[in-house]
Amino acid sequence: MSEKNFEPRIIGFLCNWCTYTAADTAGVSRMEQPANVDVIRVMCTGRIEPSFILKAFAEGADGVIVSGCHPPGDCHYTNGNFKTFRRMPLVEALLAQFGIEKGRFHWGWISGAEAPKWAQLARDFTEQVRSLGPLDWSRQLASKED
Amino acid sequence: MMDAGRHPNITLLTYSEVTGVSGYVGNYKVTVKKHPRYVREDLCVGCLQCLEGCIFKTPRFPDEFNLGLNQRKPIYLPFAQATPQVPLIDPANCLQLKTGKCKRGCAEKCDRNAIDFEQKEEVQELKVGTIIVATGFKTVDPGKTPYYGYGKYPNVYTALEVERLVSATGPTGGEVVLRDGRKPESVGIIHCVGSRDEKTNRWCSRVCCMYSLKLAHLLKDHTGARVYNFYIDMRTPGKGYEEFYNRLLEEGVFFIRGRVAEVTDWAIKTEEEGKLVLRVEDTMIGQVRRIPVDMVVLSTGLEPQPDSAAVASLFGISRSPDGFFAEAHPKLRPVETNTDGVFLAGCAQGPRDVPDTVAHAGAAASMAIALLDKGEVTISPTIAQVDEKLCSACKTCLSICPYTAITFDAEANVAKINDALCRGCGTCVAACPAGAIQGRHFTDEQIHAQIEALLREPGKKSAEGVSA
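First to last, the protein sequences are chains A and B. Here the numbering used here is used: position 145 in the first sequence is 145, and no number is missing along the way. Whatever position you read off the second sequence (first residue = 1), add 1000 for the numbering used here.
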């Protein structure tokens, strides 16, 4: 794919109860959002292992979103979002060490009632990643191995 | 209340608190701490002779039930219809309990030897199958709205205080008198104090419109005063409610649509002297008005109990952003929580009035009994499983589980997951350093396959030979 008509590929890991619901509502309500974000549903953001995010980048994703329920009280599983809260800064630090730009990874909170916020995030994040250009981390990794 | 107290299958533990909950649906173990009341419930018959024997001949301590509008003795019955009909002793004020030097008049008067100054806190463990959490609500502290002058002007009351004043068993025997003994000639009732307000609580407390109307009716009936209601919107949904509102309109109660800006005693006209003045924009006529009254009633809203976070974590239930306990589904599962076997009833889940609470509580009781009666439970297959061959016994998962579903089997040296307790959030799956825990339907393999499938170049065959 040439740089000119670059379409970023973004993976979103969304929790079943809040952000996935919001994304679903955004779709049902026909809110305008780019098709660049592909969603993987997990029951809770607490299930998201840092390796999933690395795996997504390694498989060719240009950006990754992790989003769940607002802390403190929104989590369906009492406190899974707090585990995300603790893990994600570590993932950010790890990605920085791998040379992946800060703007390619977003983590945050969108409740089931915030469908417009999800649509806005999908639009803004896609544009942000588009401006960063293709990551092509898998090829970078392969070239280093040689 | 009396009926519940006398029922052979119901054990009431009053003056007690739950300090620990363990186990799972059908097999809960609940630790209950029973505070000493210094009067033995098994011997007392509720004759209340002990109250007369007390060394304090006149009551001097603020009566909690009447919100401090009158006084009680150190030995007292919390309120007239209290169940059980057994008095208790307040250890902070009882001479015998405080100093050990008292004539013990109460014990002398008691011919059944029910007074026991040696009583200690009792801790008991109960085995139960299901739990209903009905811990209720708290009314909003009027100190949060200082512009209404509660605590500053003695004749500003909360609605609950006026409720006691109009009650026949209240501190004045049902007579509505101000703190200086006068009868109010005009009363202003301010709706939505601590409700529908960005500064305090954003939600509608649902009951205030109707109780304000009731108090307006009773105040007019008891005192003949001019009664003003200051409201944002009249919310009277319910059987017979709108009709009651219409009746009040016909009775000549005044309704002014507008949120009161402040209550002040600063008089600028002669008729305002010695009165409380409510400054309000009457949005129906588009004018700012000053209304002088003798008595101001604050219709305080409902909010969660201050310890609702602690109670939620005790029972493993979650809270909605407003702090009330969260139901499993707002429409389809209104009395269940996300913890199997724990149900909610009444205002602990959100503001509601008496008929709705009775219906909600009935539903909770039916759900709890139906579950017990069935004898078995159906659980979701989406739960976590430990591969015992891979488990390295690090115990990381034990502390991370929000449902305490994971226990450590010291003999086998592996972690074990209780299928009935696990809700399938997958937090332990992500945390397990040995990769020994897998969450069914959300295994690492399945999620990796999803990532690979989503990012496959169009038209390119995958390693597994499946075309995109």
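Derived from the structure by calculation, the hints contain no laboratory data. Note that this is a predicted model, so its numbers are computed, not measured. For glycine and all other residues, C-beta sits at the position ideal for the given N, C-alpha and C. Just to be clear, a hint being listed does not mean it is correct.
[Stated by the list, open to error] Pairwise CB distance ranges (calculated):
(1) B:Ala1365 / A:Ala113: 23 to 33 Å
(2) A:Arg41 / B:Lys1395: 24 to 34 Å
(3) A:Phe82 / B:Glu1273: 50 to 60 Å
(4) B:Pro1008 / A:Phe82: 26 to 36 Å
(5) A:Pro72 / B:Pro1146: 40 to 50 Å
(6) B:Ala1359 / A:Pro72: 28 to 38 Å
(7) B:Thr1236 / A:Arg30: 48 to 58 Å
(8) A:Glu7 / B:Thr1236: 54 to 64 Å
(9) A:Ala142 / B:Gln1385: 28 to 38 Å
(10) B:Glu1198 / A:Ala142: 22 to 32 Å
(11) B:Ala1359 / A:Gln128: 27 to 37 Å
(12) A:Gly99 / B:Asp1141: 25 to 35 Å
(13) B:Ala1365 / A:Phe82: 46 to 56 Å
Checklist entry - Do Pro1008 of chain B and Phe82 of chain A keep their Cβ atoms within the hinted range of 26 to 36 Å? => result 45 Å Cβ-Cβ, so the 26 to 36 Å window is violated.
Checklist entry - Is the gap between the beta carbons of Pro72 of chain A and Pro1146 of chain B within 40 to 50 Å? => result 28 Å, violated
Checklist entry - Does the Cβ distance between Arg41 of chain A and Lys1395 of chain B fall inside 24 to 34 Å? => result 29 Å, holds
Checklist entry - Does the hinted range 54 to 64 Å hold for Glu7 of chain A and Thr1236 of chain B at CB? => result 55 Å, holds
Checklist entry - Does the Cβ distance between Ala1365 of chain B and Ala113 of chain A fall inside 23 to 33 Å? => result Given range 23 to 33 Å: holds, Cβ gap about 31 Å.
Next on the checklist: Taking 22 to 32 Å as the stated bounds, is the beta-carbon spacing between Glu1198 of chain B and Ala142 of chain A within them?
Outcome noted: For Ala142 of chain A against Glu1198 of chain B, whose Cβ atoms are near 55 Å apart, the range 22 to 32 Å is violated.
Next on the checklist: Against the range 25 to 35 Å, how does the distance between the Cβ atoms of Gly99 of chain A and Asp1141 of chain B compare: consistent or not?
Outcome noted: Cβ of Gly99 of chain A to Cβ of Asp1141 of chain B: about 54 Å, so the range 25 to 35 Å is violated.
Checklist entry - Does 46 to 56 Å hold as the CB distance between Ala1365 of chain B and Phe82 of chain A, or does it fail? => result 34 Å, violated
Checklist entry - In this structure, is the beta-carbon distance linking Ala1359 of chain B and Gln128 of chain A contained in 27 to 37 Å? => result Between Ala1359 of chain B and Gln128 of chain A, where Cβ atoms are some 50 Å apart, the hint is violated.
Checklist entry - Within 28 to 38 Å or not, the Cβ separation of Ala1359 of chain B and Pro72 of chain A? => result 31 Å, holds
Next on the checklist: 48 to 58 Å was suggested as the range; check whether the CB atoms of Thr1236 of chain B and Arg30 of chain A agree with it.
Outcome noted: 37 Å, violated
Checklist entry - Is it true that the C-beta distance of Ala142 of chain A to Gln1385 of chain B lies inside 28 to 38 Å, as the hint says? => result 36 Å, holds
Going through the hint list in order, the structure does not satisfy hints 4, 5, 7, 10, 11, 12 and 13.
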